[in-house]
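Protein chains in written order, with numbering that gives the first Met the number 0: chain A, 0 to 293; chain B, 0 to 244; chain C, 0 to 323.
Read the hints as simulated data drawn from the structure, not as lab findings.
Please note that a few of the clues may not be correct.
[Claimed, not checked] In silico PhoX-like links for lysine-lysine, alpha-carbon gap of 25 Å or less:
(1) B:Lys106 with C:Lys215
(2) B:Lys211 with B:Lys62
(3) C:Lys146 with B:Lys115
(4) B:Lys127 with B:Lys106
(5) B:Lys134 with C:Lys317
(6) B:Lys134 with B:Lys115
(7) B:Lys211 with B:Lys106
(8) C:Lys215 with B:Lys109
(9) C:Lys282 with B:Lys115
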Amino acid sequence: MTSQALLMQLLSGLSGGMLIYLIAVGLSLIFGTLRVLNLAHGAIYMLGAYLCVWLTSTFHQIPGMFWWALLIGPILVALFGGLVEVALLRRVYGWHFMYQFIITFALILIVSDLTRLIWGGGFHSITYPWPLKGNIKVAGGTFPLYNLFLVMVGVSIFYGLRALLNYTKLGKVIRGVTYNREIMSILGENVQGVYTVVFMLGCWLGGLGGALATPLVTVSLGMDMTVIIQSFIVVVIGGLGSLTGAFIGALILGLLDSFGIIILPQLAIAFGFILMAVVLIVRPYGLLGKREYD
Amino acid sequence: MLATQGLMKSFGGLIAIDNVTFEVERGELSSIIGPNGAGKTTLFNLLTGHLQPDAGNVVFKGKDITGLPPYRICRLGIGRSFQHMNIFPRLSVFDNVQAAVLSREGKFTKIFAPAKDMARSETIEVLKTVELGTKMLVPAGLLAYGDQKRLEIGIALALRPALLLLDEPTAGMSPEETAGIAGLIARVVQYQGLTALFVEHDMSVVFGISQKIRVMHLGRIIATGTAEEIRADDEVQRIYLGEEL
Amino acid sequence: MTNQQTTIHPLSSPIYKLFGRRWLWAASAVAILALLPILVDTSWVSVLCEILILAVAASGLNLLIGYTGMISFGPAGLYAVGAYSMAVLLVQADVPFGVAFIAGPIAATFVSLIIGWFCVRRTAVYFALLTLAFSQLIHTIIFKWYKLTGGDDGIVEIPVPEVLFSIEHYYYFALACTLGSLLILWLIVNSPFDKALQVIRENPGRAEFIGVNVRKYQLIAFAIQGFFLGFAGSLLCGFSHNVFPPIANWTESIHIIIACLLGGMLHFVGPFVGAMVYILLDKFVTGFTEYWSLVLGIVVIMLVLFFRGGIAGFILDKLSAQRS
C-alpha cells in the first residue's frame with residue numbers, strides 16, 4: 000500500500016473518529032457527572048440531524064441556512080433534553096443503573112416515533128454546505144474539505160470543553176458536583192440545576208454531532224441505533240467519565256474502522272466490540288477512566 | 000493459634016502496617032486498641048485475606064495462610080465481624096444466620112433439595128445465643144442498629160470458627176447495648192471455647208473483658224499486656240493523652 | 000427504612016405467608032394455560048407461544064439479575080446461540096429434531112461458561128458492559144458468517160416434525176417445556192445453592208467471608224442463565240421455523256430485561272408475569288395505533304416509575320398486606 004494511500008486512510012480515520020467524538024462526548028459528559036448511561040443519546044443525535052436537514056431544506060432560500068441550522072438545531076435539542084431531564088430523569092437519579100437503562104431505552108422508542116410522526120419515515124440527505132464543497136489537495140491526493148472542517152470542530156470542542164470545565168465558574172461547579180454531590184449541596188450549590196445544565200449541554204453536543212453528520216450520512220430512522228453502540232464503545236475505551244478519554248477513544252475507533260476495512264474487511268465491524276471487550280477485561284477503567292464507577 | 004511475623008503494608012507512600020509481629024494463644028480473649036488510623040482494621044484485613052501484605056506472613060493453626068483468598072481463610076476457621084454494616088439486608092434474620100451454617104456445612108452445592116428448613120435447630124441455637132430468637136422473620140435491614148451488630152456476631156458464630164475476629168463490635172451503641180454485647184462475647188468465648196480478638200474504642204469493654212491488650216500506633220504494636228500493665232504504661236498514656244484509661 | 004420496605008420486597012415473609020396457597024395458584028394457572036387454545040383464536044395461540052418463549056428466557060435471566068444481583072446486558076447473544084445452533088444443525092447437518100433441540104441450550108451453556116469466566120471478574124457496570132460487548136460480538140459473528148448462518152438472510156424453512164407443525168400442537172409442546180423449565184428453576188431457587196446466590200447479591204464481600212467462593216457461584220449462575228436462554232432460543236427456532244440476526248442484537252436483550260423488570264425481579268413468577276404483560280401490551284398497542292413505539296415507551300416508563308418492584312411484586316405486596 001502506497002504511503003499516499005496510507006495517508007488518505009489515516010486522514011479518513013481521523014476525521015471519522017472526530018465525528019464519532021463529537022457524538023460520543025455528550026454521552027461521556029452525561030455519564031461523568033450524572034452517572035447515567037443515556038441510551039437515548041443516539042436518539043438525541045438523530046433529532047439533531049433531522050432538525051438540521053429540515054431547517055436547511057425548509058428555509059433553503061436563506062443563504063448559508065446550513066450554518067443557521069447548525070446554530071439553532073442543537074439549541075432546540077438541548078431544550079428538549081432539558082425538558083426530559085426535569086420531567087423524567089431527575090426522578091431516577093440514585094436508582095440502580097438498570098432502571099435508568101430501561102428508561103432511557105423507552106426514551107429511544109418515544110423519540111424515534113416522535114421523529115417519525117413529525118418528519119415521516121423517508122430518507123433524507125443534504126449536500127456539503129457552502130463554502131465547504133469540494134476537496135482539498137493533500138499530499139498528492141484529495142480530501143473532502145468538509146471532513147477537514149470536522150477535524151477542526153472536534154479539536155475546538157475538545158479545547159472548548161476543557162476551558163469550560165477548568166476556567167469558568169460553571170465549570171468548577173460542574174466538576175465539584177461530579178466529584179462530590181453531597182458536599183456541593185451542603186455548600187449551597189444548586190446541584191439539581193447543575194445536573195439539568197450538564198444534561199442539556201450533553202444533548203447540545205449530541206444534537207450538534209447529528210447536525211454536523213448530515214452531509215456525510217443518510218438521515219433516516221434507525222440512525223440512532225448504530226451510533227449509540229459506537230458511542231458506548233468509545234466511552235468504554237476512553238474510560239467512563241473521562242472527556243479526554245472519549246477524544247482518544249473516538250480517534251482509535253475511527254482509525255480502527257478506517258484501517259480495519261482494509262486489513263480484515265470481514266471482521267471490520269467486530270473490531271470495536273473486540274477492543275471494548277479487551278479493555279473491559281484487562282483494564283476496565285479504560286485508558287483514562289477513574290476508579291470510582293463501581 | 001494465630002501468629003504473624005513481620006507484617007508490612009503500605010498504600011502509596013503511606014506505611015499502614017509496620018513490621019507487626021504477635022501471637023494469639025488458644026482460648027485467649029484479647030483486644031487491640033489504638034487511636035484512629037493506627038492500622039487496626041488494616042491489620043484485620045491482612046489477617047483475613049482482604050488485603051495482601053507487602054511482606055511478612057500470617058500463620059494460623061500452624062498453616063501459612065498469607066495470600067489466601069478470604070473465602071479459603073474463612074473455611075479454615077477464622078470468623079470475622081465487620082465494622083460497617085455487613086449483613087444481608089433483604090434476607091430475614093433467620094436466613095442470614097442459616098446461610099452461614101449452610102456454608103459451613105458445605106451445603107451450598109445442593110441444588111435439588113429445599114433449603115427452607117435446613118439446619119433449622121442449629122440456626123435457632125445461634126439466634127438464641129445472640130438474643131435475636133424472637134426476631135427470626137424480620138428482614139435484617141429493618142433491625143435496629145444494635146440488633147444488626149448482634150446479627151453480625153451471630154453470622155460469625157454460626158461458622159463455628161476457631162478464631163473470632165471482631166472489628167469494633169460495639170461501635171455506636173448505647174452503654175446498655177455495649178454492656179450486653181461485651182457480656183455476650185465473654186460468654187461465648189468461655190462456653191464455646193473460642194479464641195477471640197477484637198478491635199475496640201470503648202475502654203469499658205476493653206478493660207472489662209479482655210485478658211490481654213495490644214496497643215497499636217502508626218502501624219506498630221507498641222505495648223502488650225494485661226489491663227493494669229497497659230494502664231500504667233507511660234507511652235500508652237502519652238498516646239491517649241487526656242483520655243480516661 | 001420505610002422507604003426500603005415499599006420498594007424492596009423481603010424475600011421471606013410474603014412467601015411464608017402464601018405457602019400452601021401457592022400450589023392452588025400454580026395448579027389453576029396451569030389448567031388455564033392448558034385450556035386456552037380451545038377458548039381463543041389461533042392467532043392468540045401464536046401470541047401465547049411468544050409469551051412462553053419470553054417467559055423462559057426472562058426466568059433464566061432472572062436467576063442472574065434477580066437472585067444473584069448481577070445485571071447482564073447481553074442475554075440476547077446466548078438466546079441467539081441457542082436458536083442458531085438448533086437451526087444450523089437441522090438445516091446444514093440433518094440432525095434429528097430432538098438432538099438439535101437439546102443442542103441449543105447445551106451450546107448456549109458452553110458459550111456462557113466461556114463468556115462468564117471473563118465477565119464475573121468484573122462488577123456492576125463493567126460486568127454489564129462486558130456482557131453487552133460479548134453479545135454484540137456474537138451478533139456480529141452471526142451477521143457475518145454467511146456460510147454458517149446465512150448472515151442477513153437468516154436461516155429459513157427449518158424442518159420441524161409434522162406433529163409440531165400446527166400452532167396448537169406446538170403450543171402444548173412449548174407449554175410442557177416451559178413448565179419443565181419453571182419446575183427446575185423453582186427447585187433451584189429454593190435450594191441452598193440459591194441461598195448462596197442471594198447472599199452474593201445482598202453483600203458479596205460478606206458472602207466471601209462466610210466461605211463462599213463468590214466467583215465460582217457467579218459463574219455457575221451465569222451458566223444456568225445461559226442454559227435457559229438457549230432453551231428459549233430452541234423454542235423460538237421450533238416456533239417460527241426461521242432465525243434472523245436481530246434476535247442477537249442488544250434491542251432483543253432489552254426486551255428480555257424489561258420482562259424481568261416489569262414483572263418483578265425479586266419474585267419467582269415475576270419474569271413470567273412480565274413476559275405476559277410486555278407481549279400483550281405490545282400486541283394491544285400495535286393493534287390500535289401506528290405509533291406503537293411511542294405508546295410502548297410511555298407505558299414502560301410509567302411502569303418502571305410507579306411499579307418499581309414489578310407487577311408481580313405489586314400484587315404480592317397487596318396480597319400480603321391484606322393478610323396482615
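Status of the hints after comparison with the structure:
1. B:Lys106 with C:Lys215: Answer holds: Lys106 of chain B to Lys215 of chain C is near 15 Å, not above 25 Å.
2. B:Lys211 with B:Lys62: The hint holds at about 24 Å.
3. C:Lys146 with B:Lys115: Since the Cα atoms of Lys146 of chain C and Lys115 of chain B sit roughly 51 Å apart, the hinted pair is violated (cutoff 25 Å).
4. B:Lys127 with B:Lys106: holds, 22 Å
5. B:Lys134 with C:Lys317: holds, 23 Å
6. B:Lys134 with B:Lys115: Given that 25 Å is the threshold and the Cα spacing comes to 17 Å, the pair holds.
7. B:Lys211 with B:Lys106: violated, 37 Å
8. C:Lys215 with B:Lys109: holds, 14 Å
9. C:Lys282 with B:Lys115: Distance ~40 Å between Lys282 of chain C and Lys115 of chain B Cα, so the pair is violated.
Hints 3, 7, 9, counting from the list given before, are not met by this structure.
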